[in-house]
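Take the sequences, apply the hints, and build the full model.
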Amino acid sequence: MKRVQFEHSAIPYMFIAPQIIIIVVFFLWPAAQAVYQSFLLEDAFGLSSQFVWFRNYSDTIFSGAWLQAAGFTIVFSTLVTFLSLGLALLLAVKANEVIRGASTYKTLLMWAYAIAPPVAGLMGNLMFNPLIGDLYIFMNSIGFDFDHKLDPYDAGFVVVLISVWKQVSVNFIFFLSGLQGIPKGVQEAALMDCKSSTRRFWTITFPLLAPTTFFLMVINITYAFFETFGIIDTTTQGAPGGATTTLVYKVFQDGFRGADIGGSSAQSVVLMIMVLVLTVIQFRFIEKKVHY
Amino acid sequence: MERVPISTHIILIIGALFMTLPVWVAFATSTHAPETILREGLQFWPGAHFFETYNEVLFVEGGVMKKVTATTMLKNSMILGVGFAIGKVVISMLAAYAIVYFRFRLGVPLFWIIFMTLLLPLEVRIIPSYEVVANMGLLDTKAGLIIPLIASATGTFFFRQFFKSVPDELLEAARLDGATAWGFFIDILVPLSKTMIAAILIIMFVVGWNQYLWPLIMTTKEENYTLVIGIKQIYQVLNEGGELPQFQKAFALTILATLPPVLVVLIFQRWFVKGLVESEK
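Protein sequence lines correspond, in order, to chains A and B.
The numbering used here runs 462 ahead of the 1-based position in the first sequence.
The numbering used here runs 24 ahead of the 1-based position in the second sequence.
It should be emphasised that the hints constitute simulated quantities derived from the structure, not laboratory data.
For glycine and all other residues, C-beta sits at the position ideal for the given N, C-alpha and C.
One or more hints might be untrue.
Stated by the list, open to error - Computed cross-link-like contacts, PhoX-like style, restricted to lysine-lysine with a CA-CA straight-line distance of at most 25 Å:
hint, chain 1, residue 1, chain 2, residue 2
1, A, Lys556, A, Lys657
2, B, Lys166, B, Lys298
3, B, Lys298, A, Lys556
4, B, Lys91, B, Lys256
5, A, Lys611, B, Lys91
6, B, Lys188, B, Lys99
7, B, Lys245, B, Lys256
8, B, Lys298, A, Lys646
9, B, Lys298, B, Lys90
Said to hold, decoys possible - Quick look at which bits of chain B chain A covers, simulated, 3 or more residues with Cβ under 8 Å:
hint, region
10, 111-125
11, 140-147
12, 279-286
This is the structure:
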């Protein structure tokens, strides 16, 4: 809040109106619809519907397919988050050390941010294409019986690899800006006290990067939940047998392909609750950061 | 200063190769004939079919989709990227101005409504959102494509933060000079925010260009496809099999869909990093 403010009655409403109108029409109303529909059961022709309390929830959430998707989402998010954070942190630390060629390295490591997930997905899909894909041929030549169309673990490997590849650049940018934010004085003092660069990293640098890391964890989990939709849709499409279906992909599949509005809505509501939890964690953490 | 060990460079070079090689291979392969690709697999050096492939994809009807050319999709992607970026900056600046510079009764609740958009990503309200846009008759229109996407909280938070850092004396002085609310906004606040606006425009252009799920469900006609949606179509064509698979065209399409946002990021690298790091905070 500003100390000095305008005191008009109608003008601020005009300024804020465009955003609020769009939010009410395209965010709040659809979200309310999703909640409402999650309690309804439509007949096969969509002519009449019936209020069924939590039946859609119990039907979908305790179904094998949903539990499978939830399990995959957890494993997938964990792998993507840790692998892409680890890789990006290593590269950022190294890029922060070099002087010669530093800006070239930075550019080459961050530019992939601009590539859309589905584009990365199609590229990766072609690299693993059984007819022409060198990666497919390579995996088989080193002794794996690799077939991502049939084997769930191989399919998972492809999706994780592409998702990590796509996310490294964002994490790299944030880690590098975090590293550059560490005061020179602290770095020099650490250099005098501690000869081993590995120990210096784990005792000084890494704790100072903790806020960035935590923030990035939330960002990465959100990415793995939602934005990987485009990657999955252009690689495995959730196959084989739903082994690479994330919760978000399942909402889409059930709602659009399966036309199961009630079940899809119930899944949406569960996802809303998950986002809420993530956001609360994020904000409690940011509050703490203020006291640093 | 310590000497930089050679292992540091090796790690960085491997990292840079990991990030760039796939795109380079995609480009190199796109310049070969389909027979060559099918016989020899992916290519690491450019071939002789650059003009042929890209000409066919960009300008020949039926070259890549049933009817539209990649030029049309390029245009649609550009409209989405630019429209999304400008729309987002305009509405979030206006809203942030109202929140920071005015005291009004509904100020706080409205701020919370804006905040709530963080809890409702498109993916959790996808089917009802589609129904709303369909009922308004906005399927396959530019307005229906762009407007539902521009109202999220991040832009508003970003400008709110920036406006708060603007000294109060500016408004005092402007009021002494008899500035109106609109005059202060246009003549003082907007020029002051120039670098912030540029940074956000760059980020949002990339985000808009790369939209997938929303354009996917609300465009049905080919002439409205963006390049990123074209990716999905070519994926399906390749999977259906049939005659000689046109891998070179699929690769060419990924390169075309990648090039504009990558160029924007490379040219405006400093602003881009600033926009990204500041807006996500």
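Open item on the list: Need the status of pair Lys611 of chain A, Lys91 of chain B: alpha-carbon distance at most 25 Å?
Closed with: The hint is violated at about 31 Å.
- [ ] Check whether three or more residues of the region 111-125 of chain B sit with their beta carbon closer than 8 Å to a beta carbon of chain A.
- [x] holds (count 10)
Open item on the list: Against the 25 Å threshold, does the CA-CA distance of Lys245 of chain B and Lys256 of chain B hold or violate the hint?
Closed with: 14 Å, holds
Task: 25 Å Cα cutoff - pair Lys298 of chain B, Lys90 of chain B - done: 41 Å, violated
TODO: Would you check the hint for Lys556 of chain A and Lys657 of chain A, treating anything up to 25 Å between C-alpha atoms as holding?
DONE: 17 Å, holds
Open item on the list: Holds or violated: Lys298 of chain B and Lys556 of chain A, Cα atoms, limit 25 Å.
Closed with: 21 Å, holds
Open item on the list: For a C-alpha distance cap of 25 Å, please report whether Lys166 of chain B and Lys298 of chain B respect it.
Closed with: Not OK: Lys166 of chain B and Lys298 of chain B at ~29 Å, beyond 25 Å, violated.
Open item on the list: So if I understand the rule, the pair passes when the alpha-carbon distance is 25 Å or less; does Lys298 of chain B with Lys646 of chain A pass?
Closed with: Distance ~21 Å between Lys298 of chain B and Lys646 of chain A Cα, so the pair holds.
Open item on the list: Holds or violated: Lys188 of chain B and Lys99 of chain B, Cα atoms, limit 25 Å.
Closed with: 38 Å, violated
Task: Coverage assertion for the region 279-286 of chain B with respect to chain A, Cβ distance below 8 Å, three residues required - done: Our answer is that it holds, as 4 residues pass the Cβ test (under 8 Å) against chain A, meeting three.
Open item on the list: Just to be careful, I want the Cα atoms of Lys91 of chain B and Lys256 of chain B compared with a cutoff of 25 Å; is the pair within it?
Closed with: 16 Å, holds
Open item on the list: Using C-beta distances, would you say chain A covers the region 140-147 of chain B, given that this needs three or more residues below 8 Å?
Closed with: Holds, because 7 residues of the region 140-147 of chain B bring their Cβ atoms closer than 8 Å to Cβ atoms of chain A.
When the structure is compared with the earlier hints, violations turn up for hints 2, 5, 6 and 9 and for no others.
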